[in-house]
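Sequence lines, in order, name chains W and F. Per the numbering used here, numbering through the first sequence is continuous, rising by one, with the last residue being 342. Per the numbering used here, numbering through the second sequence is continuous, rising by one, with the last residue being 1342.
The hints are simulated quantities; they were obtained by calculation from the structure and are not laboratory data. Misleading hints may appear alongside valid ones.
[Claimed, not checked] Examples of chain W residues toward chain F, derived with CB under 10 angstroms: (1) Ala85; (2) Ala232; (3) Leu280; (4) Asp282; (5) Glu299.
All C-beta atoms in this analysis are idealised placements derived from N, C-alpha and C, irrespective of residue type, glycine included.
Protein chains: 2
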Amino acid sequence: MTASLSHEPAIYLSLPELIAMLEAIMLRHGTSDSVARALATNCASAERDGSRSHGLFRMAGYVSNLKSGFVDGRAVPQIQDAGTAFLRADAGNGYARPALEAAMPQAIDKTRSAGACVLAIGNAHHNGPLWLDVEPFAEAGLIALSVVNSVTYVVPHGGHKRLYGTNPMAFAVPRADGQVLLFDQATAAMAHGEVKVAALENKLLPEGTGLDASGLPTSSPQAILDGGALLAFGGHKGSSIAMMIDILGGALTGSNFSHQVNSSAYPGADSAHTGQTIILIDPTKGNGSLRMFTGRIEELVEAMAEAGQTRLPGERRLAARKLAAERGIAIEAETWKQLQAL
Amino acid sequence: MTASLSHEPAIYLSLPELIAMLEAIMLRHGTSDSVARALATNCASAERDGSRSHGLFRMAGYVSNLKSGFVDGRAVPQIQDAGTAFLRADAGNGYARPALEAAMPQAIDKTRSAGACVLAIGNAHHNGPLWLDVEPFAEAGLIALSVVNSVTYVVPHGGHKRLYGTNPMAFAVPRADGQVLLFDQATAAMAHGEVKVAALENKLLPEGTGLDASGLPTSSPQAILDGGALLAFGGHKGSSIAMMIDILGGALTGSNFSHQVNSSAYPGADSAHTGQTIILIDPTKGNGSLRMFTGRIEELVEAMAEAGQTRLPGERRLAARKLAAERGIAIEAETWKQLQAL
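Okay, chain W solo, but in the shape it has when bound (with noise of 0.2 angstroms):
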């Protein structure tokens, strides 16, 4: 692996412009218009966050699991109203992301009249960070926390053999501001998208990531891509939570655990066909009103800035969203290239 990314930035976009360009890279491989749009405004919002794991480094994967067949791009969401306080949806094989915008309304309507909410999304493939997720409900008062399983990197602990996903998990809370606290954490001990990032840039892993073909541990970002595995994070903690990401994905949604995502038969496609849930809480259920919840966030924020935390969890994301919506999304050289190609 010698290919390595220019950083030097071609162009500057406007998150619209970027959008329209994204979403005419998606119609062109064939999805209906709602997920050109929903895809699209998805990825350049990631794009537009800084997350370069999760942003425009990932359309030739969204156009490539299209193009195999394995995603269906003009899948149309379905919602069924479970119960008062649950919502499941059929992605139809389709992503993710069209399924979760289908559902928001009502689950959020839900969440405020029950108290609160699950949103079991299966038969999806998830793509894109899922702080775009879960920073919505937070952005209309509410907590949400959100597990995605994915295909099979990380090995149990103790074990020799890849079995869970990198089985993410975000959560958001509402800020007094109207902001949002949040956090986004592959349970794995580095996110799928960093390691091939990693790779594209000859970078060498932290000890403790992951392990080669063979079962030895490695620092080579390839070995790990190429039949190797990674490790959860924190030992036989972040395992249980890699098992509990799993079983609320795969098992609750009735999608495919991370181990059994087989896309074999589909060349060219790397996505997970797997389950997404949401768990949605209205606070003011427990604590009176927004603004007293809201008020304790901001309580428990200042104690950690007086405990000598100098960065709040999603810090980096506003301070990337601010320099966006300033100058605009900076696009790099090889970057715009290979969106030209597409």
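Once you have looked at the hints, place chain F on chain W.
Then chain F, alone, in the frame of chain W:
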């Protein structure tokens, strides 16, 4: 610290015998009948399950918390129906477990009817292992996730001062054989009770467990207890989970954050006056039938074994329980002496 616990069993008691003995101790220290029953059953069950850090070892703490007046042993929990999927419980400055038991039947009914339910227990002192709080819900066929915040012991990532509690989380799902698959883990690199046991036994702790009072890494459990701090497991990711748990335990329930617990006016008190949140999900709303869901859990358990995970989370607990059923619960000589003194 030169004291050490003898591990020689002095006596074997059945679960009902041990419960009766603990109940008498609780009543002698001023609890109501129902509180005595709930706490004695919970503490004896933890001991039966082999939890040294949450079993009889904690009885002295129960008693001194009650004696100090920090915890109300006669509190009557108030349960409020806040929505079809939200129950609020005010533990009335009593222990959390009686509030959980009072709310449990309604919480199960709501979950089966609505598909999900949040139980937010505030104004509470949690004691005992979290797995005993989630296990009955999974035995009733539900998915249960519970978190509780506690007294401040853990520095946030990159910080130098205690902020979060050891903030455990427990997760349980039903299995096909009527058993439960669960895990229960502190977000701290080590549970507070385990640090106390290590201090009593003069054992050193692994690197990365904590800091001493001057903020330097230490392997002495006593240095951590004497004004030092624990680290979160898994670096910044564990720290983010600790934050989430302080929000769900403290802010959602309208209770103290871990760093706000203050028992200084109650000499001898060491309990956490905080909150506990339990998220319940009915898996039949997501996947058709309980049998289908538990079938998927068995699939995953088999895959875990195939991938080389030789021990399931919670397996040690079930083995201890089985042994206790066969030969009784072994009470060590030193513990037996302490119990008789109480």
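The hints, checked one at a time:
1. The beta carbon of Ala85 of chain W is positioned within 10 angstroms of a beta carbon in chain F (closest approach about 3 angstroms), and the interface hint is therefore held.
2. Proximity of Ala232 of chain W to chain F holds as hinted, the smallest CB-CB distance being about 9 angstroms (cut-off 10 angstroms).
3. With 10 angstroms as the threshold, the beta carbon of Leu280 of chain W comes within range of chain F, its nearest partner Cβ sitting at about 9 angstroms, so the hint holds.
4. Taken as an interface hint, Asp282 of chain W checks out: its beta carbon lies about 7 angstroms from the nearest beta carbon of chain F, inside 10 angstroms.
5. Proximity of Glu299 of chain W to chain F holds as hinted, the smallest CB-CB distance being about 7 angstroms (cut-off 10 angstroms).
Figure legend: structure checked against the earlier numbered hints; every hint is met.
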